[in-house]
Amino acid sequence: MKIGIINGSIRTKRATEAVANYIQGVCDRRSSGTTYELIDLAEFQVPLLTSPVHPMAKQKKYDEPNVQRWSDAIDACDGFIFVTPEYNHGVPGGFKNAVDSLGTEWVGKPVAFVSHGSVSGVRAVEQWRQILTNFSMPLVRSELNFNMFVHWKDGEFVPDKRHDKETNAMCDELEKLVTTMRG
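Heads up: the sequence shown is residues 156 to 338, going by our numbering.
Think about it this way: if two alpha-carbon atoms lie no more than 30 Å apart in a straight line, the pair counts; the simulated BS3-like pairs of lysine-lysine are:
id, residue 1, residue 2
1, K251, K320
2, K157, K251
3, K251, K308
4, K215, K331
5, K320, K308
6, K216, K157
7, K251, K213
8, K168, K320
9, K316, K331
10, K215, K157
11, K251, K216
12, K331, K251
13, K320, K157
14, K157, K213
15, K316, K168
16, K316, K157
17, K157, K168
18, K251, K168
19, K308, K168
20, K320, K331
21, K157, K331
22, K251, K215
Pairwise CB distance ranges, derived in the manner of DEER restraints:
id, residue 1, residue 2, range
23, R284, E311, 27 to 33 Å
24, T335, I286, 21 to 27 Å
25, K216, R184, 35 to 41 Å
26, G258, K316, 37 to 43 Å
27, N252, R296, 22 to 28 Å
Bear in mind the hints are in silico, worked out from the structure with no lab data behind them. Since the model is a prediction, treat every value here as computed from it, not as a measurement. For each residue, glycine too, the CB sits at the ideal point set by N, CA and C.
Take the sequences, apply the hints, and build the full model.
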């Protein structure tokens with residue numbers, strides 16, 4: 156089983172990077188036999204979706220090389236952890252565009268959420284939950300939410316000790332859901 160941990164920020168200075176690296180570190184210490192791979196959205200430079208053909212109809216074949224690389228990375232995963240910032244009370248535009256740029260690569264694959272922001276990113280997660288139902292993606296109930304005023308000290312990300320346990324519980328739930336979906 157392979158789970159993609161998606162760093163959903165494309166900004167040059169990203170608090171999301173420290174959060175995604177923390178989640179990857181916890182996942183690397185797990186002994187469940189599942190592979191967790193960090194997928195940095197910024198490395199793909201997914202262009203704005205302008206294709207007249209709906210991504211669901213593309214059958215995982217894209218004209219734009221960056222979208223094809225993104226498709227291949229997402230298609231190789233059995234489930235995901237979306238590490239998402241909250242921008243202006245919602246999901247980040249670049250991440251939303253990257254999700255919209257694909258189709259069948261997402262369908263039926265479970266997803267868990269880790270968020271951050273001034274109110275811990277909870278509004279972004281609520282929007283992601285609505286958006287991803289379009290792809291029939293089962294959603295893990297457990298989530299981690301980090302507050303910019305509590306979990307960053309002197310510009311450094313500092314999770315609480317309890318977050319390792321909470322990350323592992325979320326991953327347990329995600330792995331169980333992936334196993335169930337694979338039948």
